[in-house]
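Trainee: Fit chain Z to the known structure of chain S by using the hints.
Those sequence lines, one after another, are chains S and Z.
Just so you know, we're using our numbering here: the first sequence kicks off at 624 and counts up by one.
Just so you know, we're using our numbering here: the second sequence kicks off at 624 and counts up by one.
Check before you lean on any hint, since a few could be wrong.
One copy or two, it doesn't matter: identical chains are merged, so the pair holds either way.
As the list claims (entries may be wrong) - Derived lysine to aspartate or glutamate pairs resembling EDC-like cross-links, with alpha carbons at most 20 Å apart: (1) K631 x E696; (2) K961 x E1068; (3) K732 x D649; (4) K631 x D672; (5) K961 x E635; (6) K631 x E697; (7) K1005 x D929; (8) K988 x D885; (9) K1005 x E1030.
Derived by calculation from the structure, the hints in this document are not laboratory data.
Protein chains: 2
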Amino acid sequence: MAKITPLKGFPEWLPDQRMAELQIIDRLRRTFELYGFAPIETRAVEPLDYLLAKGETDKEIYVLRRLHATEGEESTLGLHFDLTIPFARFVAQNRGQLTFPIRRYQIQKAWRGERPQEGRYREFYQADADVIAENELGLHHDAEMTLLLHEATWALPIPRVIVRVNNRKILEGFYRALGIEDYPATLRIVDKLDKIGAAEVRRLLMEQLHVSAESADKCLALAEIRGTNSSVVNDIRALGMKHEILDQGLDELAYVMDAVRDLPPASVVADLHIARGLDYYTGTVYEGVMEGHEHIGSVCSGGRYDNLAASIGGSGKLPGIGVSVGVSRILGRLFGEKLLGANRSSPACVLVALTSDETRGESAKVARLLRSRGIPCEVHDKAAPFGKQIRYAERKRIPFVWFPHAEGTGVHELRDIRTGSQGPADPNSWMPDASDLTVQIERGEPAPV
Amino acid sequence: MAKITPLKGFPEWLPDQRMAELQIIDRLRRTFELYGFAPIETRAVEPLDYLLAKGETDKEIYVLRRLHATEGEESTLGLHFDLTIPFARFVAQNRGQLTFPIRRYQIQKAWRGERPQEGRYREFYQADADVIAENELGLHHDAEMTLLLHEATWALPIPRVIVRVNNRKILEGFYRALGIEDYPATLRIVDKLDKIGAAEVRRLLMEQLHVSAESADKCLALAEIRGTNSSVVNDIRALGMKHEILDQGLDELAYVMDAVRDLPPASVVADLHIARGLDYYTGTVYEGVMEGHEHIGSVCSGGRYDNLAASIGGSGKLPGIGVSVGVSRILGRLFGEKLLGANRSSPACVLVALTSDETRGESAKVARLLRSRGIPCEVHDKAAPFGKQIRYAERKRIPFVWFPHAEGTGVHELRDIRTGSQGPADPNSWMPDASDLTVQIERGEPAPV
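Next comes chain S alone, as it looks inside the complex (with noise of 0.2 Å):
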């Protein structure tokens, strides 16, 4: 057969950046936990009717069909290609067997049959935490869900995740007082800005939307308007600009923002070009990017979406609002840049040595000994010379050799493969460093500018 390539678009990590990536995972659980949320896990697939009920059509979304199906035989399923709709449709359909208000959380794969480019994966990660309600979910939670997104990044062996938080009350509320009846159509082309630029961005909103050389001008001064606290809010009045709805919306911003002023200074941004393109969002969304690392796009989002699960299912209002950090892009960049990893290639601490085939029953206890006790380890597979059994464990990266009855001492000996060391060990007591009997995660230096 031909020679195996990676599939574009479907990242696999060797096993070092596996654990890597499961103690990511770990610590992003942790934090969720901490804050009382519940994993839950939704299968692979919905139906397409619940993919489409947004007519989200800017997704690419892969279909299912069984290789036997008979003639006929319908394709009703697709992948999932986020974990919120999925949510909204496990909540809707498990109501009355739910505790609300729903806190919880979900950390597994989407996919999308997008174009793959850097960052942008066909089969990612992600990890999310959603809150959702019944009728109602008090601003109260706006502002924890921010403290939990920062939180949550900030806890991770990761450069730092600056969050940028915007309204989408505000930008409605403002095209309305501007005039503007198709707000949707509005955001799509401002949240164009960063790709596009300003003139771009005001020539689609006239010729397109027939806004006026004003109208448009507003909506760019607005878009320009960053701020690290609540005062934020008053560079917006500024604009002149009148509206119940954004008046809402601006309520909505500073009460997030006095609520993460405790935070490191400019750790979390109002930033009021962030619209988060066609997604459910209807009031607070985010957008968080890794320092040093922008231009990869946002490593995390998430926001307040009040009318999701009631478009597939619910009845009522089921308004909710959550994050989600984008465990694959920020892998993806990291490890290609050699800025993560871990400091071995193996759960191993001990490589016990096979002094000959006639002896693996002694190699083979030490090795029980040492795993009873919770020390990870495995036995050489062959009874090769003792520097050719170091080297694969140096290979590995595994911190310890253990030699059984060693020649001519007949005592154990253990030796530390990094500093050459070796001394006798007791298997029924030895114990190694806490930094040693568990794989470390190694951050490297960023590139010098």
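Mentor: For chain Z alone, coordinates are given in the frame of chain S:
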């Protein structure tokens, strides 16, 4: 929209069940890592070529197609139906970056478009551990994998798993000694013994494969042999057949049975009717059943495959051996029978009560203090009467409710909702028992017979 119903064959668990599942997965991961297996995770999709490489037409594969596929765009990818083929492909693909023998574990979902029934899902979790070597894989790996499979399943809070072992070489050599040429076809028929019974197997062997009545009886006699130690090979030899491959298989089985003699009696048994269907195994094969739940079929399986990796892109011999625990089949059964669960439906150990909207800051501060010391908690959503807040904790079985600056006392008070006892507590120092800090798995009593 219509009422949302579950999709048959795509199991989903409620939060307390998912917490139990995560603990099961954590324990499997723990055992695999103690044995020095390193994690990998492969993409969900494989080229159809690889999935069909072994002519496994009995597996129902899900094929992927982009919803907006251009006309004539071919579907070349399918969801994997196990984790062994993806691992073999991963090894062939990354050979230069891996240290042999490769010890890897992999806990993730697989998909099969089969007709759903009890214990047979279209989407399911598997937990696999495999070793793949270059050129040669010593028989001691067969012994170690048997121990690992026993240890991994007995470390779980589930009924005892009995591991049944056989060796394909015994079957092949035995059939050949009988002069039967079509070994795979014979295997396939004998494999149906449990389903269709001895008389029917006999009939099929004679009619379809033209096996003599005497030979068919010998095949059935072999399939009926069971043993709890290596003396089982004497029972097989007593059937009087002689063949080089048979002898090799008998030696291997005896070696494996000798290696497990210190395990609890009858936890690993030789069972000559285990064949593992059409799979790619070439020597040792495993199947495990859960005591008291044998009718749901095997809950773990595995075996040695000497030619798999080479068949999908590896050059030279890459023999391997692996075990696989059917997490979803085990959990589906135990959840369904209420034999397994978690003792609460939230990771939160404490519900911080909310006295009034004005004092939300006080409650948030208590939560922050508790979280900073590793105690998961949530703040009640609304300033409802305390009785209602306590009932919320009861519904989620959160063990403690915290009253910040409790009315009348001015100090913090903590209530254990199980006993109703309430007293002063300091958010800077209070620590729950370990059994309350984290969610505990609860095992139900089996129903009386």
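Trainee: Hints first: check each against the structure and report whether it holds.
Mentor: Going down the list of hints, with the structure as the test:
1. K631 x E696: This pair counts as between: shortest inter-copy Cα distance 16 Å, intra-copy 30 Å.
2. K961 x E1068: within (8 Å within a copy, 51 Å between copies)
3. K732 x D649: both (15 Å within a copy, 18 Å between copies)
4. K631 x D672: So K631 and D672 pass the 20 Å test across copies only (17 Å; inside, 28 Å).
5. K961 x E635: within (15 Å within a copy, 37 Å between copies)
6. K631 x E697: between (28 Å within a copy, 16 Å between copies)
7. K1005 x D929: between (62 Å within a copy, 18 Å between copies)
8. K988 x D885: The answer is between: 12 Å across copies meets 20 Å, while 55 Å in one copy does not.
9. K1005 x E1030: Answer is within: at 17 Å inside a copy they meet the 20 Å cutoff, but 71 Å across does not.
When held up to the earlier numbered hints, the structure conflicts with none and fits them all.
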